[in-house]
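Engineer: Sequence:
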Amino acid sequence: MSTPLPCPPGDAVALARDLVRVDSRNPSLAPGGPGEEGAARLLRAVLDAWGFRTTMLEAAPGRPNVIARIGDGRGPTLMLNGHLDVVGTDGMTHPPFEATVRDGRLYGRGACDMKAGVAAMCAAAWRAHQAGLLRGEVIVAAVVDEEWESLGTRALLAHGVRADAAVVTEPTRLTVAPAHRGFAWVEVTVHGRAAHGSRYDEGVDAIMLAAQLLAELERYEREELTRRTHPLLGRASLHASTIAGGTGLSTYPERCTLTVERRTLPGERGEDALREVREACERVRARRPEFRADVVALTAQAPSDVPVDAPLVRALGAALAAEGEAPRVEGLSCWTDAALLNAGGIPAVCFGPGDIALAHADEEWVPIDEIERATRVLTRLLATWTSDQ
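The working numbering puts the first residue of the sequence shown at -11, with every later residue one more than the last.
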């Protein structure tokens, strides 16, 4: 007797539910999270059963990417990329891993971000191949750790996996998203001098000095960054993320540490954000000679930008129209692995089911019909892309 398949071949909704049922919390974000291995093994078993050629590539110990190929490999290659890790579940208002279907929605942590997108891309590749529509090869890359350091896609590129173009199936509400912002995180430690609260002649208030810097950064954001714009992404931005300092009500604080996030536009770099914060410190110091601060870069991710008239953007628009959907091109507010693929020489855009506003939310869901609609559009794209390029 044959072993039943984990889910019916080409059934995106069933696969999405199976994936949501697997707890794949990123351990770097959710202490005690099991990581992606369970979801990766389930997905590989499904894709093996569906006829893909699969391998697993560890990006970190116990955290494997799934790389699955289908098609003859003699024509253009299109990568479909999505991540298997999810964020924590604290505060959720429904069971995170039951994959409940209610009122036309699939509920669960990762349902929107982005196991529905992973399921849609897998089902689309199978359907296009099964119908004999592929003239090239599709690479399905289900990666780990996108929510933290993107170890998965970094390992994918380091391993030499390449394609002519890529679609990252992040939730875009079935909008083609060829661009998104980058970000840079900067930490500033402002130094004062500890003293008893009555000794104004000895104490230097690090928190008050940090307030001077915050006021300067707010002025810079309001007067300078609002003038830097992108047609799909709006303006550049900066905000204070965290602040900590002081030891007691009657003590001048000797230290105040704050972190700043700078959202960057295409053409800007993380180094630019670091320079901007250092220059703001110098302007404060010019007014307040006692101001001293250490400024360090914590991490940065580059923006992503593909021209709106690029072949992949046009092909996705045509596939949407052919499936009776309104082609829409918009910028995406969040950061994605598309930036890494673009930097690696693989033009990548985002397109998938779900609304990014529901990602990481206390109530996370994706419309069931969007999973199926995304699958049909991606199937159409694979047929035309592998034939026309």
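It is possible that some hints are incorrect.
Said to hold, decoys possible - Here are the in silico distance ranges between beta carbons for each label pair:
id : residue 1 : residue 2 : range
1  : GLU318    : GLU360    : 41 to 47 Å
2  : ASP282    : HIS184    : 23 to 29 Å
3  : ALA228    : SER375    : 47 to 53 Å
To be clear, the hints were calculated from the coordinates, so they are not data collected in a lab.
Ideal Cβ positions, reconstructed from N, Cα and C, are used throughout, including at glycine.
Engineer: Take the hints in turn and mark each one as holding or not.
Structural biologist: Status of each hint after checking the structure:
For GLU318 and GLU360, the Cβ-Cβ distance of about 22 Å falls outside the hinted range of 41 to 47 Å, so the restraint is violated. A beta carbon spacing of about 25 Å between ASP282 and HIS184 agrees with the range 23 to 29 Å that was offered as a hint. Separated by about 51 Å at the C-beta atoms, ALA228 and SER375 satisfy the suggested range of 47 to 53 Å.
Hint compliance for this structure: hint 1 alone is broken.
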